[in-house]
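So that you can map any letter, position 210 of the sequence shown is 696 in the working numbering, and since no number is skipped, the others follow by simple counting.
Hints may contain errors.
What the hints assert, rightly or not - Taking lysine-lysine pairs in the DSSO-like style, the calculated list, with each CA pair at most 30 Å apart, reads:
| # | residue 1 | residue 2 |
| --- | --- | --- |
| 1 | 754 | 721 |
| 2 | 745 | 783 |
| 3 | 589 | 599 |
| 4 | 800 | 743 |
| 5 | 791 | 754 |
| 6 | 800 | 745 |
| 7 | 800 | 783 |
| 8 | 584 | 625 |
| 9 | 793 | 783 |
| 10 | 800 | 754 |
| 11 | 745 | 574 |
| 12 | 654 | 721 |
| 13 | 589 | 680 |
| 14 | 680 | 791 |
| 15 | 574 | 589 |
| 16 | 574 | 721 |
The hints are simulated quantities; they were obtained by calculation from the structure and are not laboratory data.
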Amino acid sequence: MKIIERVFASLITKILTFIVNCYFTIVESLADLPLVFRGMILGPALLVSAISLYQWIEKEFPNRPVIAINSQRIQHPNYHSIASHALKKFSMLSSANKALVIKNLEANLVPFKQWMNQFQQSDYRLICLGESHSQSTRKFLSEAVLAEHNFDALYLEVNPKELTSIYKRLYSSTDYFPLLDADILQLLRSVISKNPDISIHAIDITDQQVDYKVPDKQSRDDYITDNFLNNFTDKGRNIVLIGAMHCNDSAPWFYAKMKKSFVNNISKQVTNVRIYDEHEEGIIEAFVFFLDEIGIKRGHFAILKSKELQPIIKQWFPLTTVFSFDLFETVIIYR
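Based on the provided sequences and hints, a complete structural model is requested.
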């Protein structure tokens, strides 16, 4: 062992000596050049070095963004006509039909805490949680979902290299580090505090997979699915936290591919959930405005069976139906 240590130390010494010699050789060469040429070489070199240093500092020590609070009820005016149109159609219904619409909505829309209780008591084995990578959503997930539920495994939209970088900060005094533009540390600390033995897995496409990706034959979601299945142990309760589109139940995306790969008994115990801020998208804001105006006022709420909403509601909110209700088993809206 001592011989190996001496050989290794000698090798390191030679490498460092070579680097230092190269540095002094370059400096001496520049010193022999006329002043104008030294400026032409050193100026851009110093500028590039300064920019690189700034980028490294920004990456390694990012600043927490300041989030402006907007309390306006209508933040997507271009979509407000959807709510106005639905309210006009609703006002034209008979009292009996109005009552049917409200009954259907109240049967499918439940307070968030009620959904939490039902969810915790269910026999699900895996939930795909689709998010928008926003700071407010990560905060809500940290405080209201992941800090309250019991999980055995968490799968993140991150590659192993990125996960290692996150782990370095997780158990330090760092209070902010972004994953896909939103803080991930508070979320991980919340889920670990509730579930100390939880295993955390990286399932995003790796740099090596990007290099060997076959164009037009293998998509990013194909690799995410493969990476997930390679890590999945089917023990206890599992949660996948991933971008919303990857989590929808249609052919090109991760959730549909993953669900299809499971045997029948497991596929019946997986579900997908989309989580929104009430003002995150215009089509959601319009739907929430409509609910408030017809007297169905909620705090945070869940649409338990979004695919089972009355056809007339889907007619009034076609974009919400196509891009949300028909793609997710459950839709959660926090306010």
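Here is how each hint holds up against the structure:
no.	hint	result
1	754 to 721	holds (15 Å)
2	745 to 783	violated (35 Å)
3	589 to 599	holds (20 Å)
4	800 to 743	holds (26 Å)
5	791 to 754	holds (15 Å)
6	800 to 745	holds (26 Å)
7	800 to 783	holds (19 Å)
8	584 to 625	violated (37 Å)
9	793 to 783	holds (21 Å)
10	800 to 754	holds (26 Å)
11	745 to 574	violated (40 Å)
12	654 to 721	holds (27 Å)
13	589 to 680	violated (37 Å)
14	680 to 791	holds (28 Å)
15	574 to 589	holds (19 Å)
16	574 to 721	violated (50 Å)
Figure legend: structure checked against the earlier numbered hints; hints not met, in rising order: 2, 8, 11, 13, 16.
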